[in-house]
Amino acid sequence: MVLSLIRFASYGWIEKFYIAPQFHFTYYGFEWVKPFGIYTYLLFILCGLSALGIALGYKYKTSALLFFLSFTYIEFMDKTTYLNHYYFISIVSLILIFLPANASFSIDAYKNEEKAFQKIPSWTIDVLKLLLGIVYFYAGLAKINSDWLFKAMPLKIWLPNNSDLPIIGPFLNQNWVHYTFSWTGMIYDLSIPFLLLYKRTRIFAFVLVVVFHILTKILFPIGVFPYVMIISSLIFFDSNFHKKCLVFITDKLNVSKNIFENGKTKFQDFGKLSSLKMAFVFSFLAVQILFPFRYLGYNNELFWTEEGFRFSWRVMLMEKAGYTQFIVVDSKTKKQTHVNNSRFLTPFQEKQMAFQPDFILEYAHFLHDYYQRIGLSDPEVYVESYVALNGRLSKRYIDPKINLAKENESFRQKTWILPFNDEIKGF
Amino acid sequence: MKKILFLFSFISLIAACSSSEDSNDSPTTSYDKTALLTNWADNIIIPSFENYQTKVNALSASIATFNGTPSEANLATLRTSWLEAYKAFQYVSMYTIGKAEEITFKESANTYPANATQIEANISSGNYNLSQNLQFDRQGFPGLDYLINGLATTDSGITAFYTTDALASNRKTYLTAVITRLKSQADAIVNDWRSTYRNTFISNNGNSVSSSLNKMTNNFVKNLEKDIRSGKLGIPAGLFSNGTKYPEKTEAYYKNDVSRELLTVAIKAEQDFFNGKHFNNSTTGESLKSYLDYLNAVRSGQKLSDIINNQFTATYTSINSLNTSLSQQITSDNAKVIATYNVLQQNVVYIKLDMMQALNISIDYVDGDGD
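Same order as they appear, the protein sequences are chains S and B. Residues in the first sequence are numbered from 18 upward in steps of one, following my numbering. Residues in the second sequence are numbered from 303 upward in steps of one, following my numbering.
FYI, nobody ran anything at the bench for these hints, they're computed from the structure. Be a bit skeptical, because a hint or two may be false.
[Stated by the list, open to error] In silico DMTMM-like cross-links for lysine to aspartate or glutamate, where the CA-CA straight-line distance does not exceed 20 Å:
#1 B/Lys570 with B/Asp608
#2 S/Lys412 with S/Asp347
#3 B/Lys524 with B/Glu403
#4 B/Lys605 with B/Asp574
#5 S/Lys418 with S/Glu440
#6 B/Lys528 with B/Asp595
#7 S/Lys168 with B/Glu409
#8 S/Lys337 with B/Glu550
#9 S/Lys431 with S/Glu401
#10 S/Lys352 with S/Asp395
#11 B/Lys528 with S/Glu401
#12 B/Lys654 with B/Asp635
#13 S/Lys368 with S/Asp181
#14 B/Lys638 with B/Asp574
#15 B/Lys547 with S/Asp347
#16 S/Lys442 with S/Asp347
#17 B/Lys524 with S/Glu92
#18 S/Lys76 with S/Glu92
#19 S/Lys412 with B/Asp608
#20 B/Lys528 with B/Asp494
#21 S/Lys168 with S/Glu92
#22 B/Lys528 with S/Asp375
#23 B/Lys485 with B/Asp574
#24 B/Lys654 with S/Glu318
#25 B/Lys401 with B/Asp334
#26 S/Lys368 with B/Asp666
#27 B/Lys654 with S/Glu401
#28 B/Lys335 with S/Glu318
#29 B/Lys524 with S/Glu401
#30 B/Lys654 with S/Asp347
#31 B/Lys605 with S/Glu336
#32 B/Lys401 with B/Asp457
#33 B/Lys485 with B/Asp595
#34 B/Lys485 with B/Glu550
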């Protein structure tokens, strides 16, 4: 994680994503989460230090809490950069607060033998396995849809762009390869948690994990996600394996392992506080299992309107792009202005905004406020908007006659999105 | 192990099925971007610039003749060569890459409307440096348009400005200064392509933002959206100004009967580039179209390249219903201009959204519309 943050900073992304833009796309209910200008760097430093703290097991509880808070805050500052794996890191770090991951091979345990335990309750590991399992399994479920399986979309669009690669490149423009990748990806996602759980298939499953993620790393621009998943899946290996690794590291550091080999077992404490913690962790897991199905509450096509799309492990599922031209009209004089998006948004924000209705709406409200400030009377905001999804020809997306300034964000169905007039069957 | 065997047999089964079902003839080689860039450079861009250079040289000769003898006959010849060169310009306007980009070729040659007041100020002071950016709207084809079509309502009235007028000599000097700059820019660009830039352009055959493919494709889209759609139609028709029409902002406003023709030529240049059609003959080579077809870009059951070409056809049909003078059309019946704008706008969407998505190229230029 530390490496990931350094990567983020070294690419100048802090500046680009969180400080430079004049305007940030916020999460509904979390509009108060904003970057703090140049001090945003401090937040990243805090996040990096607390990640280091977790890894070394130094002041573990505080580190985990700080990491969860700072990382999640960063994630919530601008939903333009939403990625499923950031969300994964957030929920894992939330759970980590409640787990005794500092019991062994940690500075905490080294300094205070009372905190050192060789064995910890198995549920604490199983929780993490379950979280990882959910990610894979739900990602697999989401792939069971007619576009993915029967049209090989969006891989049919993405893979040919890599046809410059050595050896595999030329195959990536072949139809059967698109279908093979689609089906294999679906089966892989659905089965990998079980293959990892089952001892006899575990090594093989891990080889699959490595191959699969290295391949996605080569084919798609998805940053550190493959490495996060590869490392995370090590949690499925039994304690002997981890011990060997850790002993190897501690040997190098000349730290005696005997402190940690105390034979002590941390028993589950069933006091009030602990029970409360357990209850929280388990109800959180229940939410995790149910939350991705919230799209069922909306009638519209999920991929088209994206109502209930995020936080559901819908990873690399669709190729969607948009074209938007906003028109602001003075409600009294009827004077109208065509908005130049690049005045307010970074190219990345503009790109993400163009096909996501909640972004379009939030931006429309921003435009309303901005033009009101510069003297227009109660500006009306309209948008000429087109979206192309999974190899379909672009279509009008938002009703151009709707004054978006009068529409409000909510979890209710958005009526101003024009119908998709097609169906993607499946999860 | 059984599970694994099952999994593998399942995967290979699917692979086998889908390969037999879809045994169409998609090529097994990767798309040859070098061939694409070579076709662009050798058969389209360089010949277009050479043609432009020839036409500018002819225009330069006409101006020299007119300056020597400012007669109405020589004025007519000058106008003809001006129009020929202006049309040739429409074929090179989108190639703002390399030298053309460096020397702000497009802005110098075709910033309109021309600023008549400042042109007159330049002429009377005799003190100007056309290579300054603030001089963009006082030179190029729009500047010449004013100087040979806009000084008076009759030809004799115009020639009088070059014969009997107190500033006649200054005005002739100004004509020479404008054509000298047009010519030196054309020469510089052609020389650069011929000497080193051709190879630089072709060898930059990667996928990055600064690759030739990426930059040229962006130029192609930008020229269609900004220079043609907004510049030639949207702005004069008042679409960006609350319906306040600006007929005087049409291209070649003073000549007044060629703006539709320039629009058609500019769109033809775009379509020819899209299809990889060689300049001045009907052969076609590697192009955005062939790249899209290679990628099997099919939308709603139709090849995306066909959808785009059909929309080009619809655009010509719509343009042909307009007056040869767009400014007159805007004044008399602007709804027709807006209708043409909308047909063209649909193709901007197909190209900027659907085509760029299929090619996986990002838009790298900023929106210039708006307030």
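Now the hints, each set against the structure:
| no. | hint | in the structure |
| --- | --- | --- |
| 1 | B/Lys570 with B/Asp608 | holds (16 Å) |
| 2 | S/Lys412 with S/Asp347 | violated (28 Å) |
| 3 | B/Lys524 with B/Glu403 | holds (14 Å) |
| 4 | B/Lys605 with B/Asp574 | holds (18 Å) |
| 5 | S/Lys418 with S/Glu440 | violated (25 Å) |
| 6 | B/Lys528 with B/Asp595 | violated (26 Å) |
| 7 | S/Lys168 with B/Glu409 | violated (46 Å) |
| 8 | S/Lys337 with B/Glu550 | violated (40 Å) |
| 9 | S/Lys431 with S/Glu401 | holds (17 Å) |
| 10 | S/Lys352 with S/Asp395 | holds (12 Å) |
| 11 | B/Lys528 with S/Glu401 | holds (17 Å) |
| 12 | B/Lys654 with B/Asp635 | violated (29 Å) |
| 13 | S/Lys368 with S/Asp181 | violated (25 Å) |
| 14 | B/Lys638 with B/Asp574 | violated (25 Å) |
| 15 | B/Lys547 with S/Asp347 | holds (18 Å) |
| 16 | S/Lys442 with S/Asp347 | violated (43 Å) |
| 17 | B/Lys524 with S/Glu92 | violated (34 Å) |
| 18 | S/Lys76 with S/Glu92 | violated (24 Å) |
| 19 | S/Lys412 with B/Asp608 | holds (17 Å) |
| 20 | B/Lys528 with B/Asp494 | violated (26 Å) |
| 21 | S/Lys168 with S/Glu92 | violated (33 Å) |
| 22 | B/Lys528 with S/Asp375 | violated (28 Å) |
| 23 | B/Lys485 with B/Asp574 | violated (25 Å) |
| 24 | B/Lys654 with S/Glu318 | violated (25 Å) |
| 25 | B/Lys401 with B/Asp334 | violated (25 Å) |
| 26 | S/Lys368 with B/Asp666 | holds (11 Å) |
| 27 | B/Lys654 with S/Glu401 | holds (14 Å) |
| 28 | B/Lys335 with S/Glu318 | violated (38 Å) |
| 29 | B/Lys524 with S/Glu401 | holds (18 Å) |
| 30 | B/Lys654 with S/Asp347 | violated (29 Å) |
| 31 | B/Lys605 with S/Glu336 | holds (18 Å) |
| 32 | B/Lys401 with B/Asp457 | violated (38 Å) |
| 33 | B/Lys485 with B/Asp595 | violated (39 Å) |
| 34 | B/Lys485 with B/Glu550 | violated (27 Å) |
When held up to the earlier numbered hints, the structure conflicts with 2, 5, 6, 7, 8, 12, 13, 14, 16, 17, 18, 20, 21, 22, 23, 24, 25, 28, 30, 32, 33 and 34 and fits the remainder.
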